[in-house]
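Novice: Sequence:
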Amino acid sequence: MQKLKQAWLAYHPVVHLLMGGTVFVMLTQMMSMPFLAIYLSETTTLGPAAIGGIIGAGPLAGTFGGFLGGVLSDMFGRKRLMILSMLTMAISFMVFVMVSDPLALLLISLLKGLASSIYGTVSKALMGDLTPADKRFRVFSNRYMAVNIGLTIGPVFGAFLGIAGSGTAFWMTAFSYLLFAFVLHVACRKYGVGDGVAKEGMDDAEEKPSLRQMGQVLYRDAALLAFVIGGILLVTVHGQMSVTLSQYLSGNIAEGVALFGVMMSANGLTVVLLQIPLTRLVERYSLFSRIVAGALLMAIGEIGFATSAGWSWFVAAMVVFTLGEILIIPAEYAQIDQITPARMRGTYYGAQSISELGSFLGPWVGGMILFAYGGPVMFSFMAFLAVFSLLFYWLGRQIYVKRQAQAFVVMKKSVDA
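Numbering that gives the first Met the number 0 puts the first residue of the sequence shown at 0, with every later residue one more than the last.
What the hints contain is simulated information worked out from the structure, not anything from laboratory work.
All of these numbers come straight from a predicted model, not from anything done at the bench.
Check before you lean on any hint, since a few could be wrong.
As the list claims (entries may be wrong) - List of simulated lysine-lysine pairs, DSBU-like, C-alpha gap at most 35 Å:
id	residue 1	residue 2
1	189	123
2	189	134
3	123	134
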């Protein structure tokens, strides 16, 4: 009991609320959002490519949410912007079940993606504001764990209740955002958390990247450009893979919707159980080796989807695919960090976020291939993209190593002189 009390007192009450709210909201969201493609295919006349484009537009809009979140939080304040973004997401989930016009669905998807990205950016910033610098890493790790707990429980819970992908699930998700927004508003007032929270540990001279700066650095740094292209290809494979996978399972496998829920839970559970031990296990290997291993595991997982017929094989393929994700995602960021010059981290990480373009390309291109050639061809194509991306990571690595060698020679000559 004493340890629980110490753990509670170690962080601000609003930080604990944000953690618990993340689990609650993610749990209800994972009853609806992963099944959106199935819902639209059953309630509208849209084809797989159109559905993929609509759903993929959300993450595409979210790419810019990180930039807007920082600017808007300075204008409106953290708390107010978080409440507004949650209300926007609640309205978006309501409207998803109220309209069937493709243009309206596209606009709602864009709005939801933007609001979700802004909320993620600002909520993490607020957690940082309310947490001492030496405890922030643990807070953000716990937040990632909270997301995956909701991701693990939500799909299976929704399938068990028989509401996964139904209109009821979307209404529940909307209600969860409204409830969370209300509770957060009350808590912030109770604990005196306003819109003018001091940004502890923030450097006034911290770089704030612009789109123009990112374009310039991509033009100048060939290694970064190669890594970003490789990242786009890999995100195309894993960023929104649930969109095309769900459509394939619902149309080709008995009890496909229930199977999809089990597979999504297997994805989250694998991350929760294996992320930390697997990350520690591969630390001895180079970043490029980790990316190669991750891409190959994702390719094997995609081939598994293409060739599986029974539930157990599909779940096994998902576990293999998820192991690839666990290796890829942190290695991609670390690879960018390795080539980043001093005081340009913001610009380089901003440029790396362009990789999220793959979250739009994946469901859109995958949907077209699924409609034209079927699931096995689509999964095989994604496996090819995963392997093909390694060419760009190899090129980027070669360019970076060559540049480092040239810099060493120049430095040595200047020392000798």
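Novice: Taking the hints in turn, state whether each one holds.
Specialist: Evaluated hints:
The suggested pairing of residue 189 with residue 123 holds, with an alpha-carbon distance near 20 Å, which does not exceed 35 Å. As the CA atoms of residue 189 and residue 134 are separated by approximately 23 Å, the hinted pair is consistent with the 35 Å bound. Distance check on the hinted pair: residue 123 and residue 134 sit about 13 Å apart at the alpha-carbon level, within 35 Å; holds.
Violated hints: none; the structure is consistent with every hint.
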